[in-house]
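Engineer: The lines below spell out each chain.
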Amino acid sequence: MEGLFFNVNAGYVEGIVRGYRNSLLTGQNYSNLTQCETIDDVKLQLGPSYGDFLAALPPNPSTSALAGKMTDKLVAEFRYLIAQSTGSTAKFLEYLTYGYMIDNIALLITGTLHERDTRELLERCHPLGWFETLPVLCVATNIEELYNSVLIETPLAAYFKSSLSHQDLDELNIEIVRNTLFKNYLEDFYNFVNTHPDFAGPTQDVMSEILQFEADRRSINITLNSFGTDLLRPERRKLYPEFGKLYPEGTLMLSRAEDVEGVALAVSANADYKSFFDAVGLSQGGGMGGMGGGPADGKSLEDLFYQKEMEMSKLVFTRQFTPAVVYGWMKLKEQEIRNVTWISECIAQNQKERIGNFISVF
Amino acid sequence: MSGAVGREPVFPTRQSLGIMKSKLKGAEIGHSLLKRKSEALTKYVRAEITRRIDEAKQKMGRVMQIAAFSLAEVSYAVGGDIGYQIQESAKQARFRVRAKHENVSGVFLPQFESHTETAINDFGLTGLGKGGQQIQRCRETYARAVETLVELASLQTAFLILDEVIKVVNRRVNAIEHVIIPRTENTIKCLYYHPPSPDVAHSNPNTDINSELDELDREEFYRLKKVSGKKQRDVAEADAEILAARQKAAEKEAANNTPAVAAPSTGDTDAPDVLGEQEDNDVIF
Amino acid sequence: MAAAATYKDRQFLAVIGDEDSVTGLLLAGIGHVTDGPDSQRNFLVVDGKTETSEIEKTFQSFTQERKDIAIVLINQHIAERIRHTVDTFADPFPAILEIPSKDHPYDPEKDSVLKRVRRLFGE
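Residue numbers (UniProt numbering), protein chains in the order written: chain C, 1 to 362; chain P, 1 to 285; chain F, 1 to 123.
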């Protein structure tokens, strides 16, 4: 039933995204890329899928310039999608940009705290997290003004209002602010896809799974990364999104974990995560050494998480009548940009032995 | 040669001659010591420092490359740019250096030693959501790279200081060799005292002509000659008086008992004899 | 030695470099921002837009004005832009170290110190 009228509003967008998906680089493309000797060769190999966007680059561009141009293409395509969408699909796409907005606002908060000219920061902001009133935030000269303008001007007001005061912005580490916002964002997004009547059915299924994974991944990462820092356990617990496969028992155990083994124990209820921990040798008392040196096959826990994310994003395309494909496509595209950046970085720095350390799912 | 370097402005006395002689000796010893120091330092620089600088610079190339690559891993894991955030979160230096001394041939070389203020941790929470492990690894890699850089900086500073010291020592060696020693030698030559015997003095015209002491000696000789000449004149006058007195007495006697003709003849022969004898006695030099 | 007093309290490193080099070195923990209203950073990020005069000014401030810096790290390609200033700076403190950057591998031919090494041995 839900598919009956889907195409009336969102069919075009979905069709376009499926077209975009076909231009994603395949394993064959990647193996061609790894054979390149210079960045110019890489540029040439990327020609069919990136075309005009790379034309403006100077000969042998820096990897960051290359990545910038690739991101430009992603942004241009996404903007087209958002311009074509209406109703609940448009809302869904907006949700996708909130993650980037959080990063941008965190950047501006950092700048304001250090009394830098935040106008210079605008060009460092991620274009996907751009919203019309972003430049307004630059007017703020102190953190309280900034806080007020964030509340008034940005779509993120809800994420601030419930859990952060302007004193918090001043006192808390920006990373905690960022992760608090992200937690609120994930919970809100999760709530949105689960309650909106338009999304009942495939969208709800797919997005719930993806967002649950995202929430778990963040919880696990935050726990692992907080070891050895002054982030205390009760505060750490506040950063865990309150849903996901690990919630609530797993997150409770995570909040109590004090070392890697504790984390491994906390996630052992979930077969996927357990297999990740086993694969990188974190569960066998390898301790931090596993994180520091990296396992033998060059895959870290984060690599495995990315791998999993990519597989989930790929699976999204097996479903129809859902804007979730946009999410899947964006994640795949981002990973592609990371992959190409990685490959060209390896080529530029002459470190070919690790060039295969990218994630390709096609 | 000796004329070009001049001489020390000292009074030509025996004492200064002694001083000059010991100065020459000191300069020669100092010269050989400094020369050895310079050689030791040069050898140290050549064998140790430059080799190690070369090695360290090559090592630096490698570690910086590895470090840069680990940063690439970070941007891969974080999926974005962390540069600005890192720049803004930097507050207190965690990685610091301390200077220590090393003594090489009497030169104090500073030795930088890196140490970490483990209490300071500006980036502990960076990458909390994702990429934290890579960032951690990257920090370790860069910390190791910076240790190499600090090592290199020590070597480089040591080299710069030694380079400077060697230059100064060489300058001193050259100054002693080409200025102080020739000048002192020249001064001694000028002052050198020659024995009065005329044949010795004249046998070495080179030293004789320039020799100030000889000059003084000749002046002294001339002065004494003058003095003795004056004395002779005085003595001659005194003799003449005595002679005149005697003649008067003799005339008186002659007038009393001997003929006057015999007396003047003896007086004429006596007088030159007396003078000749006196002259011989006076010449004592 | 006269220098002894001056280098005892030199304990920081400073860096003038491109964004990646600075980020990496800051991650290593060399970053230091002095307290007070006229707070000074011990690092400068140089990009395509940075004026040469600003690099020069920062270099002077790190080498002459600040007495707490033991080592100044500078990307070689940036040192090239102020080569004359770098070459004329001959004091042992702070030590000037030319480092490679990601995009510009190290070239020993250009290094001020290695030039002096070669000069010393008359090569």
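Hints in this document: simulated from the structure, not taken from any laboratory. Treat the hints loosely; a few may be bogus.
Within a straight-line C-alpha distance of at most 25 Å, the following computed DSS-like cross-link-like pairs (lysine-lysine) qualify [what the hints assert, rightly or not]:
| id | chain 1 | residue 1 | chain 2 | residue 2 |
| --- | --- | --- | --- | --- |
| 1 | F | 67 | P | 59 |
| 2 | F | 57 | P | 91 |
| 3 | F | 110 | P | 167 |
| 4 | C | 331 | P | 130 |
| 5 | P | 91 | F | 110 |
| 6 | P | 167 | F | 57 |
| 7 | P | 130 | C | 274 |
| 8 | C | 299 | P | 100 |
| 9 | C | 245 | P | 130 |
| 10 | P | 21 | C | 308 |
| 11 | C | 69 | P | 167 |
| 12 | C | 69 | C | 238 |
| 13 | F | 115 | P | 43 |
| 14 | C | 238 | P | 130 |
| 15 | F | 67 | P | 100 |
Engineer: Hint by hint, note whether the structure agrees.
Structural biologist: Checked hints:
1. For the suggested pair residue 67(F) and residue 59(P), the alpha carbons sit about 29 Å apart, so the restraint of at most 25 Å is broken.
2. Taking the CA atoms of residue 57(F) and residue 91(P), the gap is about 22 Å. The hint holds against a cut of 25 Å.
3. Among the hinted pairs, residue 110(F) with residue 167(P) is consistent with the structure: their alpha-carbon atoms are about 23 Å apart, no more than 25 Å.
4. Restraint check for residue 331(C) and residue 130(P): satisfied, since their Cα atoms lie roughly 15 Å apart, inside the 25 Å limit.
5. Between residue 91(P) and residue 110(F), the direct Cα distance comes to roughly 33 Å. Violation of the 25 Å bound is thereby established for this hinted pair.
6. Taking the CA atoms of residue 167(P) and residue 57(F), the gap is near 31 Å; set against the 25 Å cutoff, the hint is violated.
7. Restraint check for residue 130(P) and residue 274(C): satisfied, since their Cα atoms lie roughly 19 Å apart, inside the 25 Å limit.
8. The hinted pair formed by residue 299(C) and residue 100(P) fails the criterion: a straight-line CA distance of about 42 Å is larger than 25 Å.
9. Our distance criterion of 25 Å between C-alpha atoms is met by residue 245(C) and residue 130(P), whose separation comes to about 19 Å.
10. Proposed proximity of residue 21(P) and residue 308(C) is contradicted: the alpha carbons are some 92 Å apart, above 25 Å.
11. For the hint pairing residue 69(C) with residue 167(P), the CA-to-CA distance comes to about 55 Å; that exceeds 25 Å, so the pair is violated.
12. Distance check on the hinted pair: residue 69(C) and residue 238(C) sit about 37 Å apart at the alpha-carbon level, beyond 25 Å; violated.
13. The straight-line distance between the Cα atoms of residue 115(F) and residue 43(P) is roughly 19 Å, inside the 25 Å bound, and the hint therefore holds.
14. As the CA atoms of residue 238(C) and residue 130(P) are separated by approximately 17 Å, the hinted pair is consistent with the 25 Å bound.
15. A distance of roughly 17 Å separates the Cα atoms of residue 67(F) and residue 100(P); the hinted pair therefore holds under the 25 Å criterion.
Figure legend: structure checked against the earlier numbered hints; hints not met, in rising order: 1, 5, 6, 8, 10, 11, 12.
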